[in-house]
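Colleague: Each chain, written out:
2 protein chains.
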Amino acid sequence: MSKVEHQDATVLSDDELRTLDAHWRAANYLAAAQIYLMANPLLTEPLRPEHIKPRLLGHWGTSPGLNLVHTHLNRVIKARGLDALCVWGPGHGGPSVLANSWLEGSYSETYPDVTRDVAGMERLFRQFSFPGGVPSHVAPETPGSIHEGGELGYSLAHAYGAAFDNPGLLVACVIGDGEAETGPLATAWHSNKFLDPVQDGAVLPILHLNGYKIANPTVLARVPEAELDALLRGYGHEPIHVTGDDPAQVHRAMAAALDDALDRIALAQRTAREDGGTRRVHWPMIVLRTPKGWTGPAEVDGEPVAGTWRAHQVPLPGVRENPAHLRQLEEWLRSYRPEELFDQDGRPVADVLACVPDGSRRLGATAHANGGLLVRDLPIADLDGFAVPVEKPGTTLHEPTRVLGDLLEQIMRDTRSRRDFRLVGPDETASNRLQAVYGASGKAWQAERLPVDEHLDRHGRVLEILSEHTCQGWLEGYLLTGRHGLFSCYEAFVHIVDSMVNQHIKWLRTARRLPWRAPVASLNYLLTSHVWRQDHNGFSHQDPGFVDHVLNKSPEVVRVYLPPDANTLLSVADHVLRSRDYVNVVVAGKQPCFDWLSMDQARAHCARGAGIWDWAGTENGGEPDVVLACAGDVPTQEILAAAQLLRRHLPRLAVRVVNVVDMTRLLPREEHPHGMTDFEYDGLFTADKPVIFAYHGYPWLVHRLAYRRAGHRHLHVRGYKEAGTTTTPFDMVVRNDLDRYRLVMDVIDRVPGLAVRAAALRQLMADARTRHHAWIRAHGTDLPEVADWSWNA
Amino acid sequence: MSKVEHQDATVLSDDELRTLDAHWRAANYLAAAQIYLMANPLLTEPLRPEHIKPRLLGHWGTSPGLNLVHTHLNRVIKARGLDALCVWGPGHGGPSVLANSWLEGSYSETYPDVTRDVAGMERLFRQFSFPGGVPSHVAPETPGSIHEGGELGYSLAHAYGAAFDNPGLLVACVIGDGEAETGPLATAWHSNKFLDPVQDGAVLPILHLNGYKIANPTVLARVPEAELDALLRGYGHEPIHVTGDDPAQVHRAMAAALDDALDRIALAQRTAREDGGTRRVHWPMIVLRTPKGWTGPAEVDGEPVAGTWRAHQVPLPGVRENPAHLRQLEEWLRSYRPEELFDQDGRPVADVLACVPDGSRRLGATAHANGGLLVRDLPIADLDGFAVPVEKPGTTLHEPTRVLGDLLEQIMRDTRSRRDFRLVGPDETASNRLQAVYGASGKAWQAERLPVDEHLDRHGRVLEILSEHTCQGWLEGYLLTGRHGLFSCYEAFVHIVDSMVNQHIKWLRTARRLPWRAPVASLNYLLTSHVWRQDHNGFSHQDPGFVDHVLNKSPEVVRVYLPPDANTLLSVADHVLRSRDYVNVVVAGKQPCFDWLSMDQARAHCARGAGIWDWAGTENGGEPDVVLACAGDVPTQEILAAAQLLRRHLPRLAVRVVNVVDMTRLLPREEHPHGMTDFEYDGLFTADKPVIFAYHGYPWLVHRLAYRRAGHRHLHVRGYKEAGTTTTPFDMVVRNDLDRYRLVMDVIDRVPGLAVRAAALRQLMADARTRHHAWIRAHGTDLPEVADWSWNA
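In order, the protein sequences belong to chains D and V.
The numbers in the first sequence follow numbering that gives the first Met the number 0, run straight up by one, and end at 792.
The numbers in the second sequence follow numbering that gives the first Met the number 0, run straight up by one, and end at 792.
Derived from the structure by calculation, the hints contain no laboratory data.
Be aware that a few hints might be false.
Repeated chains share a single entry, so a pair holds when one copy, or any two copies, can fit it.
The calculated lysine to any residue pairs, modelled on SDA-like cross-linking and capped at a C-alpha distance of 20 Å, are [as the list claims (entries may be wrong)]:
1) Lys-688 <-> Arg-712
2) Lys-720 <-> His-673
3) Lys-720 <-> Arg-707
4) Lys-192 <-> Arg-448
5) Lys-688 <-> Ala-709
6) Lys-77 <-> Arg-17
7) Lys-688 <-> Arg-707
8) Lys-688 <-> Ala-653
9) Lys-720 <-> His-671
10) Lys-192 <-> Ala-214
11) Lys-391 <-> Ala-792
These numbers were taken from a predicted model, which means no experiment stands behind them.
Generate the whole structure from the sequences, applying the supplied hints.
Modeller: Below you can see the structure in the form of structure tokens.
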């Protein structure tokens, strides 16, 4: 490890080198001490077992490298007056980022009880990975962070999300060589083909090769440097390599590399902004190769530690019990010469702080990492201008997502100068019928264009890449830095980001409890091309389970909406786009769907989240005999068709039709802020009458939400039960027993005391299902009576 | 598109060129016709609307490229006598792969009603994307396939999985340029650092750049060729480029490229096998750049189609209604000159079949794509040799996964010559305490090695890469080609592969219904480092929801086990490793855990899946007053601690302790093959007594499984409710109300008619919780009474 490039381009003065090294040593000291100490923070007395925490938790290995990056970012931010944000990819770098925030003062400003003195230093150490304290990873609790370092792989996509539409911002992104092996990270490199040098900020990837993961070498550290260089050039970058293990040499090389990279970025942006950005930029990046656990114990118990995977977590595990380890820890900590770095009161000396920028330029104090401070209300036009007219329910058809597309186009138009709204999707915007937005903004694209292309736009705000991971990561980064957006996705394939949304929900839940974090715009999903209308793509494209996944998570954060038609979709979209700090899942169809509610009715219905559709039922005051409930566009249509059959054939049966838009309404009030009281629930569903519930997804979800209700034992739910294939739309519902005929049979089977007429109707329904099976085999299409059905009550 | 490389290396004779082109044209004809025709398959009469299917579904765009690859693979397989398999990444390439299978005869052998004549051709066309027919994607129904082309991104990992431990096999893998944008695919390229040229087969990636996705250009097709070349070299490959749109030129270039690639592969393998494989191989690959929808309509309604995204699906959509489209379709189909390709009976002529290999060398007939034909029972040693001795329950501690590690080592040892077992994991094998396996096999690694490394092995069968996607993809490919394996993963992060396991479950569910597909070994997960013992890593590492996700899917396929100790884990592991065609999820701890059952008891308990632990309860014949139920290691410990408290303080309360290992036992018999009858369920849990159920994961899962039971209204479940943080193990259960004290309080709150003594005990319990809170704040450790607890009844 002796090769060093770029050491000559920038010449650090001895003074600069000394102060940078002082800052780095201070950060290293603080990072190591957080893992071990709960007392004697300045080592003013010899280290004794009682100074050591009872449980030693944390990750040393990555910390010195992160500290180096932080130190050098400080230098260039200050020297160049940059507006910068850093995304710290190496997951467990908590000790480092906390150390740096404390050094620069942003930590004490955020948490006034952790003062920048010896008392605060002791608190900083003690709270780390301590019950009730702070996590060992970079997390919402960490000032200056928009990226949780727990589950790996998303740093680079987050960085690009932060840079979009932030032309003045530099987003540095440290990528660990472990994280670099993940799929989401591996494809996020291609984000550079979507970054506009004119309207967006810059991303500076810093690939940190410390060579090891928990227990293995990393792939990228073990291929020849020329091969790695080719890979990164193939990703579209111009890599600058910094390699070494001698601190002074590496300081010089890193300073030179950063200056070089920032000069290139500045030139690229200036050129593009002068000429309008007509050429793709090959952005610089840095490859930083330093030893894992650098400056830590070289050997422990005869085994090499620094520079190996053994430095990953706690290099000296037995400190409290093993005097030799304790002595070694003390030597290690004293090797940073804390007495030179902190004054008697524990305050960092001037040399240590020489590189630190001021105020909001500090990485721990930038408002971009607390996006709620920057977010503005989205301009959303009056929905009446987009609503479809509904004179009579169930007689006209619209494609709900296409109607929504017009609203999104208007939002795109109204944010043209603000540039704080993005639509993301995996190559499905048009497939999902949202292409109207192209009228206001094209698709971001910096790579080659051909005459045959349509809607590609160097400055576009529609983002399409065939990677749900990248879409999700971009949007998260964009939202957490104070902007707005919508992710449209095929319903089945949104499971690809299950784990990512999980982490985002955890982030929001934690952030909501931190008074200093201001609310950010919600993460909004539009799931379409859904299970019931993937009849042509078949079984692999059919999965409504994302709702189940999300509803397992923190109820403060999650919301699920299933608007049954175009106007309710508009109302729901309006609501979710205005909301803050939620993850909203909206499931809606793109195929022609009956219009049930006028815009005013839709607004009122969505505000309630669930309600009786009087016009569809046959109640005459009093309690109904049966409740037909539905959630989702296709189930709603089938329930109404069933209601129509019942009205025609059993006119004296008192049927109530209930439509549910907001699934969390079904939960008890104590379990979710939107939950109904039992009084409300019984008022809608009754406490003792049969409820036939046609639900969009897995039927047991409704049971899981409603199992505490008095009427639960009378609840019978139909939904998707993995009976999928390539077939017709109506055959999909028949195969899953969600069809109108089966629903009528369910009513007859469950309402007590029905007369002979009901038995005849039941037979009629069974016959209709038989007829369906025969017809579809012969014709490959749906029964004409189904294909031509409309509401006619 | 005129650049062609490698056209000179291999000189195809005119005769070869003519027959290859005939095969290609035949496949193109059959692919296009599947999308459109339901009659008049040979175009023996002019095309009329009634020959056209009522719904036009399918994907033309990728088909001609896939047909080209198939044709040329046929040639080299035949010429070189190769044992080959092809993974068809471009998802919607169904028409192509079906066409080729029909041509070579494997389709008719698999589906005898689809004969290789005009009647069979008509069936082939009609069934495609038709209700009750076959999917439009490559799917389990497709002969020769191990890869569902629905959700994109997994082809390359599947290909490597198939190649591992198959030294005689060539696995070609066609990667679409859309798919190439996904994260899983982007990192799967690095699989080449894990492929052993000695013990494994070869993978030949064929990156097919047809330039467009559904509605957008692809990234890789729009970067300069030199940049793409650098990327692929950076991935460790030697790319061979084939580019063109003139069929004859491309035939020549493709033949040359394939010969070149296969020569290089043969040389690399021969060299490695002679010298023992001491150097890393830079494997060749092919970049094939041909137009999307090549040979299809150039223009439709004045818009360019061939060579654009408009060719993605159905290039001529209005054929039934629009006479001009119908005419254009007829011209298109006749352009392949079907009359030269098929005889009067619809049989392919000799020229068409000239390139097709024989018997099981045909891509549609290889046994490697029907792995159940090849799979052998795994040798699993007698568990008694690995069991921990249990004289008395709850007095000794073992780390369950470490005990399992010994068994896995033995399996590794016993498969040393067969090489049909692999352990995969994202850099967590040692972290998950399974490192004993290294005694029998090191970790596969072909990249650079340093002296400090441990257990890296060019021929190892433990696979570790920091990509859950790659782990999952490798294992799927390995299993579907007839081998065995286990995926060990942190519980929280297995959500990363939610969508992949989804697709694998769908694959198995479909495959199980196909009589010609023989059962393969199950996909087994060992989820450890679980929610209750991620106290140190904190909230981001806590998520038990994978079980919920999996239990939504086809019950024929999914199984979930929560063994409570080391011996039960052994028993469960033995069972799942012997099983076929399932996805088994096993959740078990790696931290020291009480041993409850001897090996014999464990076997009996696991065979039942759920049972009463007599020794832990206080029943005296008769019905219990309360049932304490548990599933999972930590909940089991808390339930037993609660049982001990009740026994001590309320000795006359009749407590029954029930432990559940197999979660699907809770389901009704009609819903899952393992489900209990109501009689069985009531026998365990009673129909009317309070049940306090301590469950490992989200509590509502138990309700979702048991809501139909008579006793459901008396069921009270405790589990993880997202109250996570960085803390101690016991604090985790306290925060989620799963602790022993809370469980005792739950009993007291729910058993009617308890005396004053119970009220006093309740207060004692509440006090203990208060004491816990104070202690942990002061000491950062758990209460001594909890830390030192053991079963002492």
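Colleague: For each hint, tell me whether it holds in the structure or not.
Modeller: Evaluation of the provided hints:
Taking the shortest alpha-carbon separations for Lys-688 and Arg-712, both the intra-copy value of 10 Å and the inter-copy value of 18 Å come in at or below 20 Å. Taking identical chains as interchangeable, the C-alpha atoms of Lys-720 and His-673 lie at most 20 Å apart only when they sit on different chains, with a minimum of 18 Å there against 27 Å within one chain. Taking CA atoms no more than 20 Å apart as the test, Lys-720 paired with Arg-707 passes between copies only; the shortest distance there is 17 Å, against 23 Å inside one copy. In this assembly of identical chains, Lys-192 and Arg-448 lie within 20 Å of each other by CA distance solely inside one copy; the values are 12 Å within and 35 Å between copies.
Both within a single protomer and between protomers do Lys-688 and Ala-709 lie at most 20 Å apart by alpha-carbon distance, with minima of 10 Å and 19 Å respectively. For the homomeric pair Lys-77 and Arg-17, the shortest alpha-carbon distance inside one copy (17 Å) is at most 20 Å, but the shortest distance between copies (70 Å) is not. For the identical chains of this complex, Lys-688 and Arg-707 are neighbours both inside a copy (16 Å) and across copies (17 Å), given an alpha-carbon limit of 20 Å. In this assembly of identical chains, Lys-688 and Ala-653 lie within 20 Å of each other by CA distance solely inside one copy; the values are 11 Å within and 37 Å between copies.
Only between protomers do Lys-720 and His-671 lie at most 20 Å apart by alpha-carbon distance; the minimum there is 12 Å, versus 26 Å within a single protomer. For the homomeric pair Lys-192 and Ala-214, the shortest alpha-carbon distance between copies (17 Å) is at most 20 Å, but the shortest distance inside one copy (34 Å) is not. Taking the closest pair of Cα atoms, Lys-391 and Ala-792 come within 20 Å of each other only inside a single copy of the chain (10 Å); across copies the shortest separation is 72 Å, beyond that limit.
When each numbered hint is compared with the structure, no violation occurs for any of them.
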